[in-house]
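Q: Required output: the full structure, derived from the provided sequences and hints.
There are 2 protein chains.
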Amino acid sequence: MKVGIIGVGLIGGSLALSAREHISDVEIYGSNRSEINLKKSMELGLIDHKLEDRLIKQMDVILLAIPVDIAMEHLVDLLDEVNDNALIMDFGSTKGAICQKVALHSKRGQFLATHPIAGTEYSGPAAALPDLFQDKIQILCETQKTRPDLLEWAQNWFRKIGMNLREMDPVEHDQHITYVSHLSHVSSYMLGKTVMEKEKDQSAIFDMAGSGFSSTVRLAKSSPHMWIPIFKQNKENISETLSQYINNLNQFKNLLEADKFDELHQQILEINNIRQILEGINRTNNNK
Amino acid sequence: MKVGIIGVGLIGGSLALSAREHISDVEIYGSNRSEINLKKSMELGLIDHKLEDRLIKQMDVILLAIPVDIAMEHLVDLLDEVNDNALIMDFGSTKGAICQKVALHSKRGQFLATHPIAGTEYSGPAAALPDLFQDKIQILCETQKTRPDLLEWAQNWFRKIGMNLREMDPVEHDQHITYVSHLSHVSSYMLGKTVMEKEKDQSAIFDMAGSGFSSTVRLAKSSPHMWIPIFKQNKENISETLSQYINNLNQFKNLLEADKFDELHQQILEINNIRQILEGINRTNNNK
Numbered sequence: 007m008k009v010g011i012i013g014v015g016l017i018g019g020s021l022a023l024s025a026r027e028h029i030s031d032v033e034i035y036g037s038n039r040s041e042i043n044l045k046k047s048m049e050l051g052l053i054d055h056k057l058e059d060r061l062i063k064q065m066d067v068i069l070l071a072i073p074v075d076i077a078m079e080h081l082v083d084l085l086d087e088v089n090d091n092a093l094i095m096d097f098g099s100t101k102g103a104i105c106q107k108v109a110l111h112s113k114r115g116q117f118l119a120t121h122p123i124a125g126t127e128y129s130g131p132a133a134a135l136p137d138l139f140q141d142k143i144q145i146l147c148e149t150q151k152t153r154p155d156l157l158e159w160a161q162n163w164f165r166k167i168g169m170n171l172r173e174m175d176p177v178e179h180d181q182h183i184t185y186v187s188h189l190s191h192v193s194s195y196m197l198g199k200t201v202m203e204k205e206k207d208q209s210a211i212f213d214m215a216g217s218g219f220s221s222t223v224r225l226a227k228s229s230p231h232m233w234i235p236i237f238k239q240n241k242e243n244i245s246e247t248l249s250q251y252i253n254n255l256n257q258f259k260n261l262l263e264a265d266k267f268d269e270l271h272q273q274i275l276e277i278n279n280i281r282q283i284l285e286g287i288n289r290t291n292n293n294k
Numbered sequence: 007m008k009v010g011i012i013g014v015g016l017i018g019g020s021l022a023l024s025a026r027e028h029i030s031d032v033e034i035y036g037s038n039r040s041e042i043n044l045k046k047s048m049e050l051g052l053i054d055h056k057l058e059d060r061l062i063k064q065m066d067v068i069l070l071a072i073p074v075d076i077a078m079e080h081l082v083d084l085l086d087e088v089n090d091n092a093l094i095m096d097f098g099s100t101k102g103a104i105c106q107k108v109a110l111h112s113k114r115g116q117f118l119a120t121h122p123i124a125g126t127e128y129s130g131p132a133a134a135l136p137d138l139f140q141d142k143i144q145i146l147c148e149t150q151k152t153r154p155d156l157l158e159w160a161q162n163w164f165r166k167i168g169m170n171l172r173e174m175d176p177v178e179h180d181q182h183i184t185y186v187s188h189l190s191h192v193s194s195y196m197l198g199k200t201v202m203e204k205e206k207d208q209s210a211i212f213d214m215a216g217s218g219f220s221s222t223v224r225l226a227k228s229s230p231h232m233w234i235p236i237f238k239q240n241k242e243n244i245s246e247t248l249s250q251y252i253n254n255l256n257q258f259k260n261l262l263e264a265d266k267f268d269e270l271h272q273q274i275l276e277i278n279n280i281r282q283i284l285e286g287i288n289r290t291n292n293n294k
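Chains as they are written, first to last, in the numbering used here: chain A, 7 to 294; chain B, 7 to 294.
Don't take every hint at face value.
What the hints assert, rightly or not - Which residues of chain B face chain A? A few of them, derived with a C-beta cut under 10 Å, are:
#1 86
#2 211
#3 277
Claimed, not checked - In silico contact screen, one side only, chain A against chain B (beta carbon under 10 Å); selected entries:
#4 107
#5 125
#6 142
#7 163
#8 184
#9 214
#10 222
#11 234
#12 237
#13 259
#14 271
#15 273
#16 278
Source of the hints: derived by calculation from the structure; they are not laboratory data.
All C-beta atoms, glycine included, are put in the ideal place defined by N, C-alpha and C.
A: Put into structure tokens, the structure is as follows:
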């Protein structure tokens with residue numbers, strides 16, 4: 007079986023490792039916008055061959071693991087190009103726009119929109135991990151629009167990788183993911199910005215930063231090549247969620263300035279319930 | 007040597023373990039507002055005896071590891087009470103108010119204000135760790151006001167524990183720590199609140215939360231018993247820093263809504279430099 011991976015980075019490279027382990031007689035073809043990273047992914051043994059445009063027709067499966075704007079751009083051409091039994095899947099963090107883009111395509115049945123809830127703040131093929139998807143959630147959108155035999159193959163592969171499958175409407179996906187992923191990124195980026203602006207005056211400040219700070223700004227290391235297209239495609243949801251976040255921050259500030267510490271105490275006690283929720287996440291993610 | 011620990015929780019308990027290992031012939035006395043936790047700290051072998059009020063005079067060293075408001079309340083009485091060669095140290099996250107409180111005390115020389123940049127989001131004696139302070143920064147304030155022999159003893163002990171000592175003015179400490187600790191807590195609490203408000207309508211949302219979300223809301227698990235007094239004592243700095251953070255979030259939202267993605271991209275590229283800064287932190291903290 008020939009698997010073509012467009013974008014052999016953190017996600018694409020980890021998919022390559024998962025394909026190598028769980029698909030028999032697999033030959034992996036890969037492409038990358040960076041020639042250096044493409045070479046690296048060969049050196050690392052992630053891919054066997056370069057995925058030239060002329061080889062697209064030969065692929066049985068094509069995995070799109072590139073920024074969401076470029077994935078959208080390529081998808082229609084790829085669907086036009088692939089053979090009639092090939093499956094194309096994308097792995098982006100937004101699902102509404104890409105599903106809409108191919109809604110009326112004659113080969114819609116050969117596409118499956120997915121979002122694995124897995125990743126790190128690092129990018130590139132060297133960041134790929136063999137167990138990145140183990141015990142993680144894999145969201146599948148509009149499965150009824152994917153050809154049943156192709157869908158079944160994909161579901162089997164994801165289960166073999168150790169993923170827990172969830173079906174979700176693409177528009178709902180984009181709303182919900184804003185709260186538990188996109189907002190965290192904005193919050194982290196702006197926290198980093200606020201502290202770095204201060205740091206210009208006072209370089210010793212980072213001496214005082216501990217693990218709590220590292221944890222809250224970890225996502226601020228994430229690449230804009232991946233995240234700006236996500237912000238673009240999910241603009242309305244992010245803007246709305248950000249308003250709610252800013253309102254909560256303003257409300258906190260007002261309570262602080264008005265010395266309403268009892269009210270803040272009560273609020274934080276309620277927020278502490280996030281502990282149970284996070285334990286639930288870790289249970290789900292780790293299957294422990 | 008008799009060491010009394012007031013508040014045998016995460017910090018106090020970890021100090022107990024560090025005292026046990028690095029102070030010869032140490033006898034550890036402890037107290038706790040919760041009888042259950044006090045018993046637990048005995049069962050865990052953190053302390054040898056209960057620190058009764060009548061025993062305060064016998065202590066050679068007293069470690070205050072309780073919320074910053076209660077530490078302030080107790081410190082003057084404790085200084086009045088201790089013998090003339092005892093040292094009292096506090097380990098709170100705010101330093102301005104406590105230093106001011108005892109500035110004119112006749113036994114000011116027997117007090118040392120410290121802030122270890124170490125901790126986790128957990129509390130209580132069961133959260134104590136033997137290596138919590140290893141390779142961590144320990145901030146010491148107004149060392150010139152502490153009696154040289156007592157200061158030297160404290161510095162030696164902290165170095166033995168593996169801490170890196172930094173001296174800092176208490177008012178500057180409170181300004182700087184706001185950026186790299188207190189703001190992260192507010193940001194995390196409010197992120198948790200925003201998502202939990204949404205979750206009321208949609209319980210499936212947390213299915214979609216991954217490690218990025220866990221990382222940014224980790225601090226939202228922190229206890230209000232510790233944090234409300236910090237917010238109270240450092241109100242002005244937090245309010246000011248929070249304004250800067252909210253401004254940055256509003257600016258991000260405006261750029262997003264105006265489709266100024268090139269500008270956002272540039273901004274994020276600059277924020278990505280936090281990577282080097284965080285690596286610096288980890289190097290300092292881990293001594294690697």
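Q: Decide, hint by hint, whether the structure agrees.
A: Quick rundown of the hints versus the structure:
1. Interface hint status for residue 86/B: violated, as the beta-carbon distance to the closest one in chain A is roughly 28 Å, over 10 Å.
2. For residue 211/B, the interface hint holds, since its Cβ comes within 10 Å of a Cβ in chain A; the closest pair sits about 5 Å apart.
3. Checking residue 277/B against chain A: minimum C-beta separation of about 5 Å stays under 10 Å; hint holds.
4. Below 10 Å, beta-carbon pairs count as interface contacts, and residue 107/A has none with chain B, the closest being about 19 Å; its hint is therefore violated.
5. Because the smallest distance between the Cβ of residue 125/A and any Cβ of chain B comes to about 7 Å, under 10 Å, the interface hint for this residue holds.
6. The interface hint given for residue 142/A holds, since its Cβ lies 7 Å from the closest Cβ of chain B, which is under the 10 Å cut-off.
7. About 20 Å separates the beta-carbon of residue 163/A from the nearest beta-carbon of chain B, more than 10 Å, and the hint is not met.
8. The criterion of a C-beta within 10 Å of any C-beta in chain B is met by residue 184/A, whose closest approach is roughly 9 Å, and the hint holds.
9. With a cut of 10 Å, the hint placing residue 214/A at the interface with chain B holds, because the nearest CB-to-CB distance is about 5 Å.
10. Taken as an interface hint, residue 222/A checks out: its beta carbon lies about 4 Å from the nearest beta carbon of chain B, inside 10 Å.
11. Hint status for residue 234/A relative to chain B: holds, with the closest Cβ pair at about 5 Å, below 10 Å.
12. Below 10 Å, beta-carbon pairs count as interface contacts, and residue 237/A has one with chain B at about 6 Å; its hint therefore holds.
13. Taking 10 Å as the C-beta cut-off, the interface hint given for residue 259/A holds, the closest approach to chain B being about 5 Å.
14. A distance limit of 10 Å between C-beta atoms decides the matter here; for residue 271/A the minimum to chain B is near 5 Å, and the interface restraint holds.
15. Residue-level restraint check for residue 273/A holds (minimum Cβ-Cβ distance to chain B is 7 Å; threshold 10 Å).
16. For residue 278/A, the interface hint holds, since its Cβ comes within 10 Å of a Cβ in chain B; the closest pair sits about 6 Å apart.
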